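Trainee: Chain by chain, the residues:
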Amino acid sequence: MLRLEKRPQPSRLWTFATPPLAVLITMIAGGALFAALGKDPAEAIATIFWQPLFGEFSFYYRPQLLIKAAPLILIAIGLSLGFRAGIWNIGAEGQYIMGALAGAGVALALYPLESRIVFPLMVLAGALGGWAWAMIPAMLKLRFGTNEILVSLMLVYVAEQLLAAMALGPMRNPDGRGFPGSRNLRQYESAHNGELIPGTGMHWGVAAALIAVILAYVLLSRHSLGFHIRLAGQAPRAARFAGVRPGRLVVFCLGTAGALAGLAGMFEVAGPAGQVSIDFNVGYGFTAIIVAFLGRLHPVGIALAGLLMALTYIGGEMAQSTMGLPAAAIQLFQGMLLFFLLAVDLLTNFRLRVRLREAA
Amino acid sequence: MGAIDPTLLLAAIMVAATPILLAALGELVVERAGVLNLGVEGMMITGAICGFAVAVNSGSPVLGFVAAAAGGAALSLLFALLTQLALANQVASGLALTLFGLGLSSLLGQGYQGIKPPPTPRLDLGPLSDIPFLGRVLFSHDPMVYLALGLVAAVWALLKFTRAGLILRAVGENHDAAHALGYRVVRVRVMAILFGGACAGLGGAYISLIRVPQWTEGMTSGAGWIALALVVFASWKAGRVLLGAWLFGGVSVLQLNLQAAGLAIPVEYLSMSPYLITILVLVIMSADRSRAPGSLGRSFHASQ
Amino acid sequence: MTLTRLFTTAALALGLASTAMAQDKTKVGFIYVGPIGDGGWTYEHDKGRLAVEAEFGDAVETVYQESVPEGADAERAITQMALQGADLIFTTSFGFMEPTLAVAEKFPNVKFEHATGYKTAPNVSTYSARFYEGRAVQGHIAGKMTKSNIIGYIASYPIPEVIRGINSAYIHAKKANPDVEFKIIWAYTWFDPAKEADAAQALIEQGADVILQHTDSTAPQAAAEKAGNVVTFGQASDMAEYAPFPRVSSIIDDWAPYYIARTRAVIDGTWETTETWDGIGPGMVAIGEITDAVPADVKAEALAMKDAMARGEYHPFTGPLNKQDGSVWLTEGEVADDGTLLGMDFYVEGLTGQIPN
Chain V
23 MLRLEKRPQP
33 SRLWTFATPP
43 LAVLITMIAG
53 GALFAALGKD
63 PAEAIATIFW
73 QPLFGEFSFY
83 YRPQLLIKAA
93 PLILIAIGLS
103 LGFRAGIWNI
113 GAEGQYIMGA
123 LAGAGVALAL
133 YPLESRIVFP
143 LMVLAGALGG
153 WAWAMIPAML
163 KLRFGTNEIL
173 VSLMLVYVAE
183 QLLAAMALGP
193 MRNPDGRGFP
203 GSRNLRQYES
213 AHNGELIPGT
223 GMHWGVAAAL
233 IAVILAYVLL
243 SRHSLGFHIR
253 LAGQAPRAAR
263 FAGVRPGRLV
273 VFCLGTAGAL
283 AGLAGMFEVA
293 GPAGQVSIDF
303 NVGYGFTAII
313 VAFLGRLHPV
323 GIALAGLLMA
333 LTYIGGEMAQ
343 STMGLPAAAI
353 QLFQGMLLFF
363 LLAVDLLTNF
373 RLRVRLREAA
Chain B
856 MGAIDPTLLL
866 AAIMVAATPI
876 LLAALGELVV
886 ERAGVLNLGV
896 EGMMITGAIC
906 GFAVAVNSGS
916 PVLGFVAAAA
926 GGAALSLLFA
936 LLTQLALANQ
946 VASGLALTLF
956 GLGLSSLLGQ
966 GYQGIKPPPT
976 PRLDLGPLSD
986 IPFLGRVLFS
996 HDPMVYLALG
1006 LVAAVWALLK
1016 FTRAGLILRA
1026 VGENHDAAHA
1036 LGYRVVRVRV
1046 MAILFGGACA
1056 GLGGAYISLI
1066 RVPQWTEGMT
1076 SGAGWIALAL
1086 VVFASWKAGR
1096 VLLGAWLFGG
1106 VSVLQLNLQA
1116 AGLAIPVEYL
1126 SMSPYLITIL
1136 VLVIMSADRS
1146 RAPGSLGRSF
1156 HASQ
Chain Z
117 MTLTRLFTTA
127 ALALGLASTA
137 MAQDKTKVGF
147 IYVGPIGDGG
157 WTYEHDKGRL
167 AVEAEFGDAV
177 ETVYQESVPE
187 GADAERAITQ
197 MALQGADLIF
207 TTSFGFMEPT
217 LAVAEKFPNV
227 KFEHATGYKT
237 APNVSTYSAR
247 FYEGRAVQGH
257 IAGKMTKSNI
267 IGYIASYPIP
277 EVIRGINSAY
287 IHAKKANPDV
297 EFKIIWAYTW
307 FDPAKEADAA
317 QALIEQGADV
327 ILQHTDSTAP
337 QAAAEKAGNV
347 VTFGQASDMA
357 EYAPFPRVSS
367 IIDDWAPYYI
377 ARTRAVIDGT
387 WETTETWDGI
397 GPGMVAIGEI
407 TDAVPADVKA
417 EALAMKDAMA
427 RGEYHPFTGP
437 LNKQDGSVWL
447 TEGEVADDGT
457 LLGMDFYVEG
467 LTGQIPN
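Chains as they are written, first to last, in this note's numbering: chain V, 23 to 382; chain B, 856 to 1159; chain Z, 117 to 473.
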């Protein structure tokens, strides 16, 4: 009989060992899947995990990894603070959209003014947009005790409808021959979130993600607020004795997550995406939740998890176009990776004990 | 400008509400047991293709629905293993389940595009169907509509009157206390999750076998997420899920009808309204005693 | 910029390598917005890809990527194909316009073809189909077939292409049957089977006995079949599984001739930037078989109109035509110019309701 026994402390060894283990298991299971589809499993796995990093065209894919990972990391860092404190914001997708709409709204309102002030204003608006959207569940939770999981999720749908309304209505490009979608901000010099160093993929969003990782690390390990966050999540009653004000924590965690998600949306709309369109959001807000857990809610872990997710996206695309693997197989593969990563986390917190019936 | 016929509108709402009603009922039971499974969309679409494939190959819609329930339940078993045995986080596992289900369904569905499934006959209710107004609204649908309605009553009765319902609620409210009383928390939850998966599968198959009926990738297009909203809207009560399903289904059908009747309406803003109403309901509910199950979303391990 | 140079070198090196390795193998890439199993838009583009393979055999290799989101991901997907040595890349959705142009700038030696857009470059062509010609044929049949004089129209988004289709169908339905009335539902989606089914249902309940659709799933066909006496038309693909009734005809996007011609141009080295907007004549728009559910004389009239358009003798937007507000758009015998058609944002006289925005 197998038996689970809770460890008094999470195992340090397994904290580090489980992610590679999960990747390994996924490679085996995924390989079997690809073989079943009639593709060479070794080649498929190599295409997904090796080609983008060290393949012939890695000079292009490495920067792309950063571009893809940046919004995931930025959002996941914000979410992880709340998750640690037991505050469940799963509406980052909505906050991401609102940040993008606010940021793009400022740019479109100022168009065609060329000035240094445009971009900073957009950054501010993006953060504020996401923050304000996250404040709705926060305020309702404080005032009425409503569940923030549900309110923030509902607001995602509202934001999606608002996005469609904007892309078709007020923000529609007047020179776009009636097609939905705004002006291309990449062609608006002052608003364009371009590469800071050519050829590296580094745009302001990547820089912001990096700064967020560092600040979150400092906050959690050095600052009393970080201590309060951890305490509130692990021992709510003790936290109250320690003088933690839960209301403040809710406002801080949801607000930070919202602002970071909003920033991510704004950097995306002004850079890689370029315009407000009906399908602007591609699920970064939801994927970031997974990234936060894969990274075990630790800032450095989140950075690595974000990069790993980005790798499976980009490698998966390569496998599609070079090997003719269906998009569905890649989706399935990603799903498996997440399952295994979540499952093996068990080993971090629990000990597997083999107990023989007779011996007991 | 034509007027909208309320009889036909109500009949259409009954049909539009059925898939989300089925999925939401399942999720309601899951959440009442204290588990938050965000993978409804993934289970629905898996049910949609399983049901479609089996119905096409066997020629029997009934077998199709059975297979859909089995397929949804099988997928939810993955979630159960992850969250109940491996104690993984439920939010992340649910999202992963959706991703997995969407991928799996489109792989399974290759080769099933452009095929018509065997038709599901209307349930013949004889003279009842001829009653003016009520006959068209209530008594002229396919069997699944009535199954869904029956399920509402069954879930309501189960939760309210039976011992099993009591145990389920106890597990959902406070799993430690329920464990102390000797209830098998994990077993109850796994069963609830399987039930939820089966219901979601049925809801998905309703779309692919009756409402549309055809198979195309991603055809549930967000119905699973609406079902999640519905459970909240209903404040975890079976009867209110039915009301909510009619409201959510009603808004989408009504806006199309208003357009067909020639009225200019802001479509996006109308589409937002069910979600805003849900938030409003949440706020109003906070004054009420009904609220989310106490252990919702938390992992349970006996040693804690 | 260093990156551009890197790209060019890589592309050049690759181009050289591939010509050295496989002198005659031309690589053609396709970027799809949906899954190839959508049974409509993407499905037809993929049929075009398969036709290219069948036409050229070993001389051509095709690659594709499906379900590519519009925006940043599209740019990467297109770049990826260019890096892997594609000589010609078709990007098959309007939302790929900006990414296509951005990538084309970095790969001057690769040819790009963007569907339904309006921006070109030295190595970017655009192509689109005059679906409104097919709509004219549909409108005629619809006007003749309706008994309730109410025709339902499931529109997707309020964009010029969709508005053109509505106008074209209405003009010809009205000509065939002066009492005809259009009821239009904006679904705000290209593809959502459940919603399309509901929309069809709502139109049928409003008395429509003919349904035209500008969305891609067969859900409206099924709804019509259930209703029993409602006529439909296939959209994007033939939807022949619903023939002979309710589906009495269809508009088919046939990209194969164009894809084959452009691939041949690349092989022959004669590729040039073009702005193609083809209709029934060159075969980009095909009219699916008109079934026997349509009376023989109506069928003959419809086919005659189709042939007249194919020969270029008849233009669906020929005056006299007024705009919805009654102002004159085209005078007697005047034919609409392409510029107005491409940016069409008004209904013609007789249509009720407003275009939402």
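Fair warning: there could be bad hints in the mix.
[Said to hold, decoys possible] Label-pair restraints from in silico Cβ distances:
| id | chain 1 | residue 1 | chain 2 | residue 2 | range |
| --- | --- | --- | --- | --- | --- |
| 1 | B | Pro973 | V | Pro30 | 55 to 61 Å |
| 2 | B | Pro973 | V | Met161 | 26 to 32 Å |
| 3 | B | Arg1153 | V | Gln31 | 35 to 41 Å |
| 4 | Z | Asp413 | B | Asp979 | 52 to 58 Å |
| 5 | B | Ser984 | Z | Val451 | 38 to 44 Å |
| 6 | Z | Thr392 | B | Leu980 | 52 to 58 Å |
Read the hints as simulated data drawn from the structure, not as lab findings. Only a predicted model underlies this, so the values are computations on that prediction, with no experimental measurement involved. Using N, Cα and C, we set each Cβ at its ideal position, and we do this for glycine too.
Trainee: Each hint needs a verdict: does it hold in this structure or not?
Mentor: Hints and how they fare:
{"no.": "1", "hint": "Pro973/B / Pro30/V: 55 to 61 Å", "in the structure": "59 Å, holds"}
{"no.": "2", "hint": "Pro973/B / Met161/V: 26 to 32 Å", "in the structure": "52 Å, violated"}
{"no.": "3", "hint": "Arg1153/B / Gln31/V: 35 to 41 Å", "in the structure": "21 Å, violated"}
{"no.": "4", "hint": "Asp413/Z / Asp979/B: 52 to 58 Å", "in the structure": "41 Å, violated"}
{"no.": "5", "hint": "Ser984/B / Val451/Z: 38 to 44 Å", "in the structure": "54 Å, violated"}
{"no.": "6", "hint": "Thr392/Z / Leu980/B: 52 to 58 Å", "in the structure": "57 Å, holds"}
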